[in-house]
Amino acid sequence: MTAASPPIRVLSRYLLRPQAPFHFHSRCQHLARSQRNSSAVAGARLNNSVEYDSTPILHHTSRTALQNPELPEDVRKGQTKRINLYTAVNDALRHALQTDERTLVFGEDVQFGGVFRCTMNLASDFGTERVFNTPLSEQGLVGFAIGAASEGMRPVAEIQFADYVFPAFDQIVNEASKYRYRSGTTGVHCGGLVIRMPTGVVGHGALYHSQSPEVLFSHTPGLRVVIPRSPTQAKGLLLSAIRTNDPVIFMEPKVLYRAAVEQVPVSPYYLPLDKAEVLKQGKDITIVSYGTPLYTCSAAIAAAEKDFGCSVELIDLRTIYPWDRATVLESVKKTGRAIVVHESMMNAGVGAEVAATIQEKAFLRLEAPVKRVTGWATHTGLIYEKFIIPDVTRVYDAIKQTLDY
Amino acid sequence: MSLRSRCSRICSNAIHRPSIYFNASQTPSKVNPVWQTCRSVASTPSAEKALFPGALNSEFTNTLEFLRPSNKKSIPTYRVVDQYGGVINKEMGVETEDEEALVLYRNMVCLSIMDLLMFEAQRQGRLSFYMVSAGEEGIAVGSASVLNPADVVFCQYRETGVYMQRGFTLDEFMNQLFSNSQDAGRGRNMPVHYGSKKLNIHTVSSTLATQIPHAAGAAYAIKLQNMQNPEIEPRIVVCYFGEGAASEGDFHAALNIAATRQVPAVFICRNNGYAISTPTSDQYRGDGIASRGAGYGIPTLRVDGNDIFAVRRATREARKLALENGGQPVLMEMMAYRVGHHSTSDDSFAYRQKIEVEDWKRRDNPITRLRKWLEGRQLWDEDKERELRSRTRKEILAAFDRAEKLKKPAIRHAFGDVWEDLTEEQRMHVEELRDILRRYPKEYDVDQHEGGVESLDELLAAKSTK
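Quick mapping for you: the protein sequence lines, in order, are chains A and B. Each residue of the first sequence is one higher than the one before, counting from 19 in this note's numbering. Each residue of the second sequence is one higher than the one before, counting from 438 in this note's numbering.
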């Protein structure tokens, strides 16, 4: 085995918790790219593998990466490097550890670099007082993080998979979110807290390596819920999450850890935690999504625009809560049609909130019902993922139906 | 990868390695505890120890014998004075100055009188809720009296004596109980959910045991801060909880992470025999809470909670121990009896005999035990007692009247402090509420609140919610 191989302890952990991006050799990166739709049917026109190398979602050149108007002037004049999403997370953590000695990074298996490599080399560079393993207890490590934050530290706690955040649900919902409110004039809060967790489907994660529980946290006042779509977003949003004085649930789409590779500014920068981003301008229909499904939407839009001669606007919500109503409403008032796409199930999902808001605030401009393309009301059974999670065909068909209404 | 190289990996990670921000010379020197000991894992047929990585000090045995807790002697209960106030070890004494003992006594009496009056006030409908500390005054007052004021405290809810001993004023208690405009919690919390930044006590939340992992994390923060600023006096974190709360997963999670991160924290369990109606026999089958400490690798002591001198000496030693070797957790189980009802929403005679309670009140409680000791030293008598009780009662009632007359907090505080700043969504909601209050003025008691409806205008105008 090469030096990059995981220790045997981690291997055994992987046998217990199998998931896709288990590629410790860099040469496996290319395999990971086509992982998600590797079961694409021969001859399929819509449901093909996601083309990460050419998708307009990612910055393939330094020039486009630096054009982003959200970046400060000095960063736009700086350098970029081509990195994947886990490296972008690592970059952000490294910067936070370097610039603020209150920053702590911990969780299960974080010290050797993390099962997704997000904390690679941080323990050796910053010491095991600040980057360390915790016992295998989500409620324990989140409670520990809240306590450390309440005494002035800026802990970045990692839950190994979003599927395993539920033991810490009480700590997040009853404690982290309410700490500042209940402390009143004492001014004590746990706002330095960030809870990172890999989220979303990954090809063969089945029931407990696939979930997207963002809506459970967006139903809780006091929390910020953030989901980046790309390495650039991951770096800028994570740095903002660590800097803000509100507790943040930071969900990283794990299928993108290795697959999403783009040019990312080398300098640190901060992206806003309450702004959606219009990824693509359009005039006939608005698609609102976030995280991995944006790649699906992008492919569906390309096919639909070609087939139907329509023009689709694509919005990345980025922050699930508090979310940017203004950007979404402005778009829908212009297009008159809207589709919301997400992996988690429809009932009381993010789409329900977005659709209800559109209905309430843009009622007179709507020319079709707001369509929701989401996971079905079932669990993510191992071999059924491709039938359950929104794919290019379903988004394509939703565009068709909404246009035809 | 061989098992041997795996071992070396673990050990290289486990070695105490100060970060770039900490000077290695500031780190206290350490004896190598067992979890840092590295050795070859391969065992030979003649090896006396098993050398499995999960229990490095375990020896082989040929005897098949289950470890049976029922065969073990119960962990003893540490005490300093007997129930008649007599000092057991005369040479050692009580380590408490007379004047100090009088302060402790006055605080315990004040707490018990406040409890009686507030319980009654709730019965009259003047407070929404209350919880007394009867029988457990010694644990809270005694332990708090030997802490450094800078030590950080996390409470469950039956530790009013900690606040009192640390200097929370009667007005502050009453303001919180009445949720008035002076309440530090801005009227958001139920009564008895006190908090004070000045006294370094985190605000109480109703959720049981959630504060235990907080204490572990806060102690870790303090450990790093102690290392960063060696000039300031080292601090610890103290965390209180009942024996019922110790059944929560958070107790397990907290003690385990406190041990693995070696944090300077003292965990104080008040074992008062009941969790609402549930007796300890339905709560656990081991030897109380103290027996669990060893399982986590945590130094542990069981203490007579009715003996304030024992509580003080134990807490002082625990504090020292918690700061040893760069920090380590300590567990103490303080034995007591919950003399009062669980809360004003509970009638405890539905599940326990009145006679049992009366027995405890008469036979042994922390206040009478200290009083007997004071009387034994001619420091206290019936006149002093009468004078103290009458004066304290008047002071409490005066604070009660002041607090009851104050207005409720401004309505804007219903929305503030959720996030650091008001969100756009909150702004919409405040506007809607303001509109409703203006159009239906007779349906709401806005004038009881400071600033009336206008406080919402201020909130919308202000940039920050603070």
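Any given hint could be a false lead.
Unchecked claim - Below are the BS3-like pairs computed for lysine-lysine, each with C-alpha atoms no more than 27 Å apart in a straight line: (1) LYS798/B x LYS821/B; (2) LYS293/A x LYS635/B; (3) LYS900/B x LYS379/A; (4) LYS842/B x LYS634/B.
As the list claims (entries may be wrong) - If you want a taste of the chain B side facing chain A, the calculated C-beta under 7 Å gives, among others: (5) GLU502; (6) PRO506; (7) LYS509; (8) LYS510; (9) LYS527; (10) ALA621; (11) THR644; (12) HIS651; (13) ALA655; (14) ALA690; (15) THR697; (16) ASP854; (17) TRP856.
The hints are simulated quantities; they were obtained by calculation from the structure and are not laboratory data. For glycine and all other residues, C-beta sits at the position ideal for the given N, C-alpha and C.
Right, here's what the structure says about each hint:
1. LYS798/B x LYS821/B: holds, 21 Å
2. LYS293/A x LYS635/B: Since the Cα atoms of LYS293/A and LYS635/B sit roughly 37 Å apart, the hinted pair is violated (cutoff 27 Å).
3. LYS900/B x LYS379/A: Distance ~25 Å between LYS900/B and LYS379/A Cα, so the pair holds.
4. LYS842/B x LYS634/B: Status holds; Cα separation ~25 Å.
5. GLU502: violated, 29 Å
6. PRO506: Status violated, d = 24 Å.
7. LYS509: Where the cut-off is 7 Å and the nearest Cβ of chain A is about 26 Å from LYS509/B, the hint is violated.
8. LYS510: Violated, because the Cβ-Cβ distance from LYS510/B to chain A comes to roughly 30 Å (cut-off 7 Å).
9. LYS527: violated, 42 Å
10. ALA621: holds, 5 Å
11. THR644: Check passed: Cβ of THR644/B comes within 5 Å of chain A, closer than 7 Å.
12. HIS651: Holds, about 3 Å.
13. ALA655: holds, 4 Å
14. ALA690: holds, 3 Å
15. THR697: holds, 6 Å
16. ASP854: holds, 5 Å
17. TRP856: With a minimum Cβ separation of about 5 Å from chain A (threshold 7 Å), the hint on TRP856/B holds.
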